[in-house]
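Colleague: The residues making up each chain are set out below.
Protein chains: 2
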Amino acid sequence: MAKEFVKEIADIDTQFTRWYTDVVIKTQLVDYGPIKGTMVIRPYGYAIWENIQKQLDERFKATGHQNAYFPMLIPQSLLNKEAEHVEGFAPEVAVVNVAGGEQLAEPCVIRPTSETIICSMYSKWINSYRDLPLKLNQWANVVRWEKTTRPFLRTSEFLWQEGHTAHATREEALKETMDMLYLYRDFARDVLAMPTFIGQKSEKEKFAGAEATFGMEAMMLDGKSLQAGTTHHFGQKFSKAYDIQFLDKDNVKKYVWQSSWGVSTRLIGAIIMAHGDQRGLVLPPKIAPVQAVVIPVAAHKQGVAEKAREIAAALSAAGIRTQLDERDQSPGWKFNEWEMKGVPLRIEVGPRDIERGEVTYSRRDTCEKLSAPIEGLDKAALALLEDIHESMYRKSLAFRDSHVKLAHNMQELGEILDAKCFAKVVWDKDPACEALIKEKFQATVRVMLDEPPFQNTCTCCGKEGDLTVAIVARAY
Amino acid sequence: MAKEFVKEIADIDTQFTRWYTDVVIKTQLVDYGPIKGTMVIRPYGYAIWENIQKQLDERFKATGHQNAYFPMLIPQSLLNKEAEHVEGFAPEVAVVNVAGGEQLAEPCVIRPTSETIICSMYSKWINSYRDLPLKLNQWANVVRWEKTTRPFLRTSEFLWQEGHTAHATREEALKETMDMLYLYRDFARDVLAMPTFIGQKSEKEKFAGAEATFGMEAMMLDGKSLQAGTTHHFGQKFSKAYDIQFLDKDNVKKYVWQSSWGVSTRLIGAIIMAHGDQRGLVLPPKIAPVQAVVIPVAAHKQGVAEKAREIAAALSAAGIRTQLDERDQSPGWKFNEWEMKGVPLRIEVGPRDIERGEVTYSRRDTCEKLSAPIEGLDKAALALLEDIHESMYRKSLAFRDSHVKLAHNMQELGEILDAKCFAKVVWDKDPACEALIKEKFQATVRVMLDEPPFQNTCTCCGKEGDLTVAIVARAY
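Residue numbers (the numbering used here), protein chains in the order written: chain A, 1 to 476; chain B, 1 to 476.
In short, the hints are calculated from the structure, not lab data. Some hints could be false.
[As the list claims (entries may be wrong)] Computed beta-carbon distance windows for the label pairs:
1) Q278/B to D131/A: 22 to 30 Å
2) D131/A to W125/B: 44 to 52 Å
3) K420/A to D248/B: 47 to 55 Å
4) A62/A to Q278/B: 36 to 44 Å
5) D57/B to E464/A: 57 to 65 Å
Cβ coordinates follow ideal geometry from the N, Cα and C atoms, glycine included.
Just need the whole structure built from these sequences, with the hints factored in.
Modeller: This is the structure we're talking about:
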């Protein structure tokens, strides 16, 4: 039975791309929408997003941010105001020319991101130092028309949050940019059980219109990197383009300093590819839609169904997202299905278990089968979920640490990348080195790390200079 | 001071439309977006929406619904499949012709509602009776290009939820349609403190593509009606157009029976116009972003600031959404601002209060000023918020009941409407009567009530026949 299920999922080691597609479709996380590149997020996938949203939103609010909602349609002229920004996004926007049966006087675009419309409002709302800092976030859909798409990773429409803040000083804006980067890193670690590298992006990889971009990169099981979140320091580029000025305490008009930051439904793709295995999903307990599934075994025997219901009710009452599976299918079929769906804890209730006052359980991260007393199972399950989170994180961290190697020169860099690892390089920040790495290895500088260089010449060009350590990897 | 604030808001009795606009803009619920007919929902307005969302979502989930997310862009051809539906919505859609720098082979529209795309997926997902019922909801933005727009009431883009369900039998689908209507009515009463009339809509007023539409209508302070939510029974109209069939237990292929239902950010407009007064907003406690504001009076005096902070912390700890206002403004200025913003409970902490171990408080619904002991203030405040909810509901209900009159004939109907009341009419369901009422009085049949007719002839045409009682009103 297990084999039959597994047969449906392509081999994770040799066909990782197909494995991913099989998993997201067969576990009913998503389906393809009628327009190429769009996805339908099905209830099981959307419940993960809701859990991410809820826990991120709490962190945003606890750090003084408020939510708001800005219109999705942006006049073309507004998009055009910041030169680099429009150059970066114009090629992928969707344009509305006709609405309400009439040709629009000015076409508008569906937001690919909301800097432009938010800045136009900030220009109206911000007048005095008393109006600062202004720290807003919005949960929204955005559209970026992409050539190559894959569910969660790159879709024409996706869901995300975008924070946009305005500050009186450069230092404050920069601090916000870093604080949110750290918030994302902590969230990935504490909620998604996912270790990440954080650091500044290269000039080439930075956001269109930003002064500096910082990224959070996670290692997927195929050794490729996934950009899981970014924060941007805008300096005064947008405030000058959109005229956002405030009268400071010293009675002088000044332009505000800004940041923006975002994560998206892409995080779901990251979870799948950081934790999955041949059987399917392995979901971190804190975002799993179902944390524990209770399956009656030999449910026709006296007392089994009742006991299973009782146990499920006790787990629910303890705040565990529990599903009781009483469907008319064999236990084996159910075991495999819930394994594929990545439920952290599976609890089997059979007549012999009940006689012994026990249940048999299986944790999804290790697939080991153990037993536990029914008495106090709620507390034990809570502790188990915590332990599953911890051990998933440790496993991910160990995997990552064993897949990061120092590249002292270009030959080593090529070997490391071909061995499906991240390379740590020393880089003199010359864009020519970055271009060469891309050309030779189809790899990119992911983030620069705040670490002392491990040699005194650039891994790529061998020159001395203003050296930094950086992560180079192939990426999604 | 009070006068100065009030001066900024147009007179509620004689200039209700301007009063509404003044209130939504000055309390910073919304601002106008750059494209005509769009609104920016500012943090204070969005927090109300979040409170509505959270409490509705809990009710949806408790009744077996799951959330999902469907693409916003719908191929034109998909919209065209159900004839009445496309006829109803085509005139107001926004059309995307160009995306990613290229002319699209087939134009797509931004969803005005999602029946079409959801039905196309249901056709794929539903195969067996085991797949039923399917009860999904989505929280999303929609675009309907309207000629005349007003914040919250009618905007080109708005936020809403739309439930879409599929069932094996007509009875089940009809039960769902009614259950959700009752859920909306209970929510309006228990959370928004707003009495409503519920009932079936006339043929003319029903949703494009529905077999029957049911509505929830609330009376605004100007005697006009606002449609605050609708539920639709589709029968098999959509399942036949989109080919949604299932193999039933009897091994026969059958079309599913469907419902849909929705409420939107319009509810915020309803709250404003059902509860507001000359001083501004009066927010029902259960959705108020700030339920209690604590204002230190003579804050420079020893111990005042500390005591105010202590009280605010105690209220927050009791689960009350509390704001401590320590801004550098006079207490009078603050009182007026928070009154305008509709905060249910205002607590003043001054040196004399502290001496007496008391605070002075004011409830927004009555504006009476009272005092309460500091000891146990958290419990007292919780009880007060509950009482404010109850008395707001009672006040609304009394207002409504005193503004509904029986219209025995057309002359009475005209007089009732001109007196800014709802009319209860007896109607023989002849569309000609409905058209005449519209023509003569610019009023419409809002809902048909499940009540015995109070006379045996139609209020409009005087004929006997298949008579029903209905609410006739001018409407938003």
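Colleague: What hint numbers does the structure not satisfy?
Modeller: Of the numbered hints given earlier, the structure breaks none, since each of them holds.
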